[in-house]
Structure formats: C-alpha cells, structure tokens
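Visitor: Produce the entire structure from the sequences given, and follow the hints as far as they go.
Residue numbers (the UniProt record's numbering), protein chains in the order written: chain A, 1 to 203; chain B, 1 to 415.
In case anyone wonders, no lab produced these hints; they're calculated from the structure.
Beta carbons: idealized from backbone N, C-alpha and C, even for Gly.
Be aware that a few hints might be false.
One-sided and incomplete, this derived list gives chain B residues near chain A with beta-carbon spacing under 7 Å [to be verified]:
id	residue
1	43
2	47
3	230
4	232
5	308
Derived DSS-like pairs: lysine-lysine, alpha-carbon spacing no greater than 27 Å straight-line [stated by the list, open to error]:
id	chain 1	residue 1	chain 2	residue 2
6	B	324	B	377
7	B	71	A	36
8	A	117	A	156
9	A	36	B	375
10	A	58	A	47
11	A	36	A	48
12	A	36	B	81
Residues from chain B that keep clear of chain A, each with C-beta distances beyond 10 Å, as calculated [as the list claims (entries may be wrong)]:
id	residue
13	86
14	93
15	180
16	298
17	305
18	321
19	341
20	361
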Amino acid sequence: MSEQLEPLKKNEISVNDVSYNHVETGESVGALGHAKGFWVTFTKMFKKPLTVEYPEVKAPTQDRFHGRHQLNRHPDGLEKCIGCELCAWACPADAIYVEGANNTEENQMSPGERYGKVYQINYLRCVFCGLCIEACPTRALTMTQEYELADDSRAKLIFEKEDLLAPLRQGMLMPPHPMYPGMDDSNYYKGDVKEAHPSQDVN
Amino acid sequence: MTTAELIGADSGGIIAIKALLVFIFCVLLTLMSVWGERRIVGRMQERPGPNRVGPFGLIQALADGVKLALKEDLIPAAADKVVFVLAPIISATTCFMSFAVIPITGEVTLFGHKTAMQLTDLPVGVLYVLAIASVGVYGIVLAGWSSGSTYPLLGGLRSSAQVISYEVAMGLSLVAVFIYAGSMSTSDIVAAQSTWWYGVVLFPSFAIYAISMVGETNRAPFDLAEAEGELVGGFHTEYSSLKFALFFLAEYVNIIAVSALATTLFLGGYHAPPGLGFTESWLGGWFTAIWFFLKVLSFFFVFVWLRGTLPRLRYDQFMQFGWKILIPVSILWVLVVATLRLMSLQGAPRTVVVGFASFVVLLVMAVNLGFDNAKKKKLQALEVEVSTPSFAVPTIPMSISTINVSKNGKGGDHV
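Guide: Given below as structure tokens:
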C-alpha cells in the first residue's frame, strides 16, 4: 500500500490521466441573456401562484403520509393492542408510554392474554418516523393522515388511549366483551372473525 | 410667469398645506409601496404575497407599522445612546426633505390661489436633492457606528463606501442634463423637456442614473449594507420598534424620492407622455399629478423587478463596477455631451456635429473590440497553464480503468 502512496514523478504522469471535473465557467451571456432573466420574472407574475391557502384549502396528503396514530380494533370491536410495549421500545424519541394488563373473564379488552391498559403518545416528542408502526406485531398501531395536531398546552398534546382508539364500525361492539364463540386468538389474527356474534353483546 | 415666481407668491397657509400634502403623499405612497412590493415580488416567485389583512392585504403595511410601534424599544448597552437615537431621525427626515423641490403638477388652483404643486423652487434644486441624499447617508453610517456591534459597523461602512462611490456617478450623469437644460432648477428642467424627454436624448445619462440610484438607495442587487445573509441586518441589526420603523420608512421614501427625481430629470416630470398632451388641462391641471405618479410608480416597479430577478453583487464586484465602469463612462459621456452642446450653441454646421458624433461612436466600438481581444488572449493564456500542472499531483490508484478520465467529464461520480 505504501508504494502506491508514493507521489509519481512529474514525467510519469500526464494531465490526461488525472480525473478532474471540468468546471463550466460559462461564457458571457450578453445583454440578451440578462434580459432573459428579467423576462422569466416578468412572465411569472401572470402565472397562478402555487400557494395552497391552508386554513381555507386543505390539500390532500400523500397516501402514506405519517399523521396521528390510531389504535385499531378487530372486526368484532376487541382491541388489537396486546400491551407488549414494542412500540415504546422502538420509539427513538421516547414518545410512547404503554402499561399492559391481563385480560380476565369479566374484562376482556383484546383477544388473548394481555391488553394495553394505559397507552399514551406524547405528540410534543413524536417525530412521526413510523418505527412504532413497524414494531407493532399485531398491526394494532397505524398512522392516519390527520396532521392538524397543534394545541395550546403540553397536557393536551399527550394523547390517551381513548384519543387514539379507532371508532366502532359496523358490526363492532364496545369492549370489554368475550371473544367470538369458538374462536381463539390465532383465529382473530388469521382474520376468521368478520363481525361480532350476538352472544358477545353482554353490555 | 415661471414656476419660481408662481411659488414665490404663495402665502404661508398655502405653503403649510402643500407641505402637509407632500408629507401625506410620501407616507401613503410608502405604505402602499411596501404592500405593492411584497405583492409583486410574491407573484414573481409564484406565491400570492400578503393577502390576509384587509381586501387584497392592502392594510398589511399599516398592520406591520402598528406592530413595530408596539414592540419593545431596545438600546444595546454598548451603544452610543445619543447617536443611536439620532441616526434613524436623520435618515427619516432627510428623505422627506428632498421632496420639497420635486414638481408634482404644473400650474393648478389650490383654494383659489394659483400655484404649482411644488413646495419650493430653488435655482440649484437638483444639487439640493443630492446634498440631502448625502446627509441621509449619515443616518446609516452613524447607526452602524453607534450600535457598538460588529455587523452594524460593517453594514454602515459598506453603506458609506457604496453611497460615496455611486453618488459620484450619479452626479456626473446629471451634469449632462444640466448642460442641456441650462439650469439646475427642477421646474426649469421639466419645462426644458416639453419637446423631447432627456431619457431619450441623453439615454446614457439616464442609464447611469438609473443604475446609481439603485446603489444610492441600498436596494437589491446593491443592498450590501443590509445583506441579510452576510451581515444579519446590516446597519439596523440592533434597532427595534419605532427606530427600526423609521429606517424602514426612510428606505421606501428614498426609493420614491430617487424615482421622483428620475421622473423629473429624464421622463419629463409631470408632463403627459407624447401624444397625450391634451390631458394636461383636465381637472384644472391636477391631472398632471397622475402622470407624475404613474411615472414614479413605473420606476418603483423596476426597483421591485430588479429585486425579484438579480442576486446580490459581491462587494468588490460592486465597487469595481462603480469606479471602473460607471464613473469613467459618465466622465467620457459628459465630455461628449459638452462638446456637442457647445458645437450646436456656436452654430457649427450639421456635418461637423454628425462627423464628431460618428467619430465618437467608432472610437467606442474600437475600444470595445480591443477589450474583447485582450480578454480572449487572457483566457487563452489561462488554458495553456491548465494543461501542464506545475504543482504536485496526487497518486493515481492502480485500477485506473475505473476512473472517469474524460477531460470534459461533468459531475464527480467515478463510476
């Protein structure tokens, strides 16, 4: 290696062997060239501005925009979150706080053993990187396209579980309620449960 | 009856009313021009500009003014207090003063008195404007010096150098106008342009004045004194609240003032454009003010256009342009104009005048050609130097085939 670093003698090298970038110094553009610049700015005046007048006009986001989080539900209304805290561990900004708890007969919030009892996301810390979504093993945590998250106090920007939970849709029942009869948690993850069974309506 | 005699007959009350009118005109035009500039530059950058305060954002400038006035007024501990307070006052007052000699209308009737919309008509009116403009620079220089801070000091220094350099060119460009009009009074110069505007007859003077007035007012692309990217805010970095507002006001009134002077000296002042002379008697002569405003506003538009188009000059380029191009060209032009004027005054035959003029044109072309050739030779000399580097060259890695060795290769990716 050392002999390679030895500088070559002047006669051993020709200028064509050296890699360099040809810098365009540019010839003088002349009077017309300068006028061209003025013409550009002049014609721009008569073009429609690109501005989106935000509060009045809300441009749709990209499909994969990273907005506010959402905690999803199974089709029968049980929560998908199992309180595993993987999202909290994945979070580089330490914005997520999770406390898990055991499901019981009387208090079945999600299929299987555990559910997320406390779920907080601090939107003053969140950088919307989406690592929590990648970490989530049950697809409980996803991101919406909602971006209007400004508020006037720190407390209001810590979103609780009820702020993040997806709304109940057609065929869903508000947990806690028992699991679909004859189904276990793996059935839930396979997508065998399509809607709530009448026997689950215990409330 | 000349304008000077007409104005001389004004009573004190009329003078006070006219002074008030001029002041109101300046302040209103400033507010509107701040709005106008932001709107126009906005459109040039494909955005709407301020459009939220009032219809079309029209009272944006007023809202900004109120905001500035309500802000905390800071004086830095290191500042020279007296001068620090005095500087914006000098800046703001002087820029209004130059309007005293600008003729806004011809002969009109104001409250039953025959007068002209011009506060006073000095025999050396244009010199007075130049003098006042120079005093106005003290505001900027003193502001930079008294702030007791580095960036303002640099901004103030730049500004003083800039204004001194460009004032020379400006003054020289006006000499040609004086020679042709035979007067330094603004109203006489306007009257002398009743047939041909000096902007056409003395086009080189007009061009030099137009360039140096941008330098004189510290506007883009010559806004080195307040270059945001280099000097934070330049001379007004340490200023806040009303004192800053005064500088802001001074800048815009200055633009209007130099535009008004350009209108007066080169675009026929309040006279209607050729072919529209019949409009000058409308509204009892007041209609001429509209022509005056239109001309001033078109100058203002050019100011904005320049700002929207050109990047800021480097300081040395700027100084080189002022001293090595503008000033020599103006001196030569003044010599040519003086010779031509003398020839025509002494009744030289037309062939001699035309012969002299064409001689000058040929001389300019020859000199230009010489410069071009010298430039080409210089470039060729540079190219020869490039082909044999006399400095140590780094080792070439053994696998030379992977390196892009093309001499004209663009980009730096060695694939």
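Visitor: So which of the earlier hints does this model not fit?
Guide: Per hint list: 3, 4, 7, 12, 17 violated.
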